[in-house]
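Fit chain B to the supplied structure of chain A, relying on the hints for placement.
Protein chains in written order, with my numbering: chain A, 100 to 366; chain B, 19 to 229.
Hints are not guaranteed to be accurate.
[To be verified] Here are the simulated DSS-like cross-link-like pairs (lysine-lysine), alpha carbons at most 25 Å apart as the crow flies:
hint: 1; chain 1: A; residue 1: Lys-266; chain 2: A; residue 2: Lys-309
hint: 2; chain 1: A; residue 1: Lys-249; chain 2: B; residue 2: Lys-145
hint: 3; chain 1: A; residue 1: Lys-249; chain 2: B; residue 2: Lys-104
Hints were generated in silico from the structure; no laboratory data involved.
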Amino acid sequence: MRLIISCFLLSIVFVGCSKTKKDWQLKKEIKLDNVGPIGLVVLNDQLWLSDGDNNRLVQINEDGKIEKELVDFDRPMHIAVSENTILIPEYGRDTISTYTGGKKAFLSDIPKLDAPAGVFTLGKEMAIANFYSNTVHFFNGTSWLQIGAKGTTEGKFNYPTDVHITKEFIFVADAYNHRVQVFDKSGQFVKVLGQNLGINAATGIYVADKELFITDFENSHVFVVSLENELIQEITEAIKKPTDMLIYKEQLYVVNYKSGIVSVYER
Amino acid sequence: MKKIINSLLISLLVVITATAQKSMDEFQIQVDGLGCPFCAYGLEKKFKEFKGIKKVQIEIQTGDFKFEYPTEKQLTMDAVVNQVKKAGYTPKTAKITRSNGAVETLEVPVNSNADSDQLITETVHVKGNCQMCKARIESAALSTKGVQKAFWNVETKMLEVAFDRQQISVKKIAKNIALAGHDAAKITAPKEVYEALPVCCYYNNPNLKSH
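So that you can see chain A by itself, here it is in the shape it has in the complex (with noise of 0.2 Å):
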């Protein structure tokens, strides 16, 4: 009988810690000092954030301080990192530009650009989402493929902010289809993930091994959904109305445009 109550004791706190292991909890909100974030990197161990509303980018520390501030972009949207390059898509001028060790660049032979919200590169691979024409640009690695139009059905686009690229696929933040939309690099529909959460503006992603997370601009939510589509979490904690995320040394980072508050979860 004893026996019987330790096993069930014991299945019981492996059932709790499993939970507890699943759920991202809030561990610190960083301050930040008149800055409207859009997007975040990390670049050789350090957080930068592209500040939208006063056109710079911002290098800041572990409590929000800004120790490198770069300046005279137009309104940088959701940033990337390749190898030592940040890639910055600036809506207000339809290109996409680069800083490398202090050096500022712009990328050429990109497609025609309408208000570039996001940029994406997985080696030589790049996604570019294109807000005003509601397409994707997808290069990879020798051309570029062109995904998308305006609309609601599948394979559509709505205004697309943010990409994302794994292995086999290009994640779309399809943000006023209020979806995410999978293609596969032949520019392929997929599939559509959490067009059942009721999103409002899905402005955001970040895709994780096993994980995709949205940011819900308008309802102030993050939702962390599996490849499968099923949620397996939904914050609000410490949200107001975010717009990037990122996993860096296991906590997740969550951009707040509106609080001006960068969220560090763990779990």
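Chain B in isolation, oriented as in the chain A frame:
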């Protein structure tokens, strides 16, 4: 003599340059409900495409929208306000400082001469999606003669409106709201007005499900 002519020419050049620099009118509009950076930056971007426009700038937190426009184009207050509304935004106040120093201001009406004895409050279903919708819906209601108060709940989509029943009816208030782009009661917004709304306001998207 050469020196005098040179001086005169330089003076003339300075005057011409100064005149050219001053021949821009300054526009300052305060816009309500600028919550979404994607839409707000879009407004800024679209305005930048107008020929001759300079120094377009939007401060999202305050809703201040500024730009300069050539005096010779004689851009009127009505035209500016209408253009901002056409772009889907809700102006609260506007100020034009002409290049000759003249100042024009506009307070967009938010309350009318409602008789408090005749006031009644009713609730109307109005379609919308976000804070920008809220600003537009409430502004459309409040600019209707006879309406004293208007509050639209983003979650429930219900508009609570207090108005003078001697001056106006719910149907007319709903019609004005529909003309601003939002289906109200059973009155549908004109297609072209709906389609001109900022993207975050598209409440009829079939993929939009309530949370």
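Results of checking the hints against the structure:
Pair hint Lys-266(A) plus Lys-309(A) holds up; C-alpha atoms about 12 Å apart against a cutoff of 25 Å. Taken as a hint, the Lys-249(A) and Lys-145(B) pair is honoured in the structure, with Cα atoms around 22 Å apart against an allowance of 25 Å. For the given pair, Lys-249(A) sits about 21 Å from Lys-104(B) by alpha-carbon distance, which is consistent with the 25 Å threshold.
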